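S.K.: Here's the letter readout for the chains.
Number of protein chains: 2
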Amino acid sequence: MKNILIINGHPNPDSFNFAIAESYKKGADASGAQVETITIADLNFNPNLKFGYQKRTELEPDLLESWEKIKRADHLVWIHPVWWGGLPAVAKGFIDRLFLPGMAFQYRENSVWWDKLLKGKTAHIITTLDQPGWFYRLSFGRPSVNQLKKSTLGFCGVKPVKVSYIGIIKNSDENQRKKWLEKVYNFGVRNK
Amino acid sequence: MKNILIINGHPNPDSFNFAIAESYKKGADASGAQVETITIADLNFNPNLKFGYQKRTELEPDLLESWEKIKRADHLVWIHPVWWGGLPAVAKGFIDRLFLPGMAFQYRENSVWWDKLLKGKTAHIITTLDQPGWFYRLSFGRPSVNQLKKSTLGFCGVKPVKVSYIGIIKNSDENQRKKWLEKVYNFGVRNK
Chain A
1 MKNILIINGH
11 PNPDSFNFAI
21 AESYKKGADA
31 SGAQVETITI
41 ADLNFNPNLK
51 FGYQKRTELE
61 PDLLESWEKI
71 KRADHLVWIH
81 PVWWGGLPAV
91 AKGFIDRLFL
101 PGMAFQYREN
111 SVWWDKLLKG
121 KTAHIITTLD
131 QPGWFYRLSF
141 GRPSVNQLKK
151 STLGFCGVKP
161 VKVSYIGIIK
171 NSDENQRKKW
181 LEKVYNFGVR
191 NK
Chain B
1 MKNILIINGH
11 PNPDSFNFAI
21 AESYKKGADA
31 SGAQVETITI
41 ADLNFNPNLK
51 FGYQKRTELE
61 PDLLESWEKI
71 KRADHLVWIH
81 PVWWGGLPAV
91 AKGFIDRLFL
101 PGMAFQYREN
111 SVWWDKLLKG
121 KTAHIITTLD
131 QPGWFYRLSF
141 GRPSVNQLKK
151 STLGFCGVKP
161 VKVSYIGIIK
171 NSDENQRKKW
181 LEKVYNFGVR
191 NK
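Top line first, the protein sequences correspond to chains A and B. Letter by letter, the first sequence follows residues 1 to 192 of full-length UniProt numbering. Letter by letter, the second sequence follows residues 1 to 192 of full-length UniProt numbering.
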């Protein structure tokens, strides 16, 4: 049985991203998978890695618990909006604070290479957009996807990483949103 | 005379990014340019745009002052490290909180297009890396650059945006760092 972890990176509980996370969870629950969730907006932590990588910052209990969930998971489902070509700052801070050397990866001594410490896991990025997915790819080089899929998850050994774009959100009506939620529910059912 | 604004996005005052910002400033001062600075680590603000775009969050005085500096500037020099293919969370939060509809851009009614409200400005991104610049481009698709150059500054009408990579930082010696600082000093002198 798959252990699925849903990581919701939207700061606002009234956002459509929360409906997406809920719909995925319903589908995954219906499939009989083990499902855990991290709602970044609910965590108590400082998103600022204030000493950078020069000095360690103590991890808050909510981050420690989140890391246990990540370690337990076979499949990570990241749900977030694209803001300025990236994740919302608080979701980026979740990564900055938690994906640390010795935890998510480890540089090898006197080498440009590194060990990938999250090998064996897979992921799915479900991202909401206020522009068409193809436009985001062609005009902007889909930076949030390259950031999360390649520079973060891939860097730590998570693969394959599936990507789904949902949008355009700002012009969407109820009917369209219902269809998107059904699509996401089916991702959950199939543990995609 | 050019009005140059240096925006330093590294959270840690002991980081090499601070030496870079200082060196650029010295060069720009020597050229006789007007130079202002924003050191994001020194600002008092919440990087989390907690209601997203559904409800406005009051801007803190430090953000209001930062926006005045941005408006006054002809040339924006962004200095930041690449963390997980993006800007540090606090620097991303500076953008999330400040680059708001009606300030940095404005969607047109019933249209996918928008007005770019920062037209007429130019920029230079000076970014530190722990990998070679070419590797960052080819393997990861240089997401932080696409994020800041295209999806943020370009989206708001800032162009052209020059990009300089400085690195590999983690293996660099004093001599190499001195050379980088001289290079950045010369960018300052030439108002690049």
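Please note that the accuracy of each hint is not assured.
The list makes no distinction among identical chains, and a pair is therefore deemed to hold if it is satisfied within one copy or across any two copies.
What the hints assert, rightly or not - Below, computed lysine-lysine pairings styled on DSS-like, alpha-carbon distance capped at 27 Å: (1) K69 to K50; (2) K162 to K150; (3) K179 to K116; (4) K170 to K2; (5) K178 to K69; (6) K170 to K55; (7) K55 to K2; (8) K178 to K119; (9) K159 to K178.
Keep in mind the hints are simulated off the structure, nothing from the lab. These figures come from a predicted structure and were not determined experimentally.
S.K.: Does each hint hold? Answer for all of them.
M.R.: Going through the hints against the structure:
1. K69 to K50: both (24 Å within a copy, 24 Å between copies)
2. K162 to K150: both (11 Å within a copy, 24 Å between copies)
3. K179 to K116: neither (37 Å within a copy, 33 Å between copies)
4. K170 to K2: This pair counts as neither: shortest intra-copy Cα distance 34 Å, inter-copy 38 Å.
5. K178 to K69: neither (30 Å within a copy, 44 Å between copies)
6. K170 to K55: between (42 Å within a copy, 14 Å between copies)
7. K55 to K2: Neither: 36 Å inside a copy, 38 Å across copies.
8. K178 to K119: neither (35 Å within a copy, 38 Å between copies)
9. K159 to K178: neither (30 Å within a copy, 40 Å between copies)
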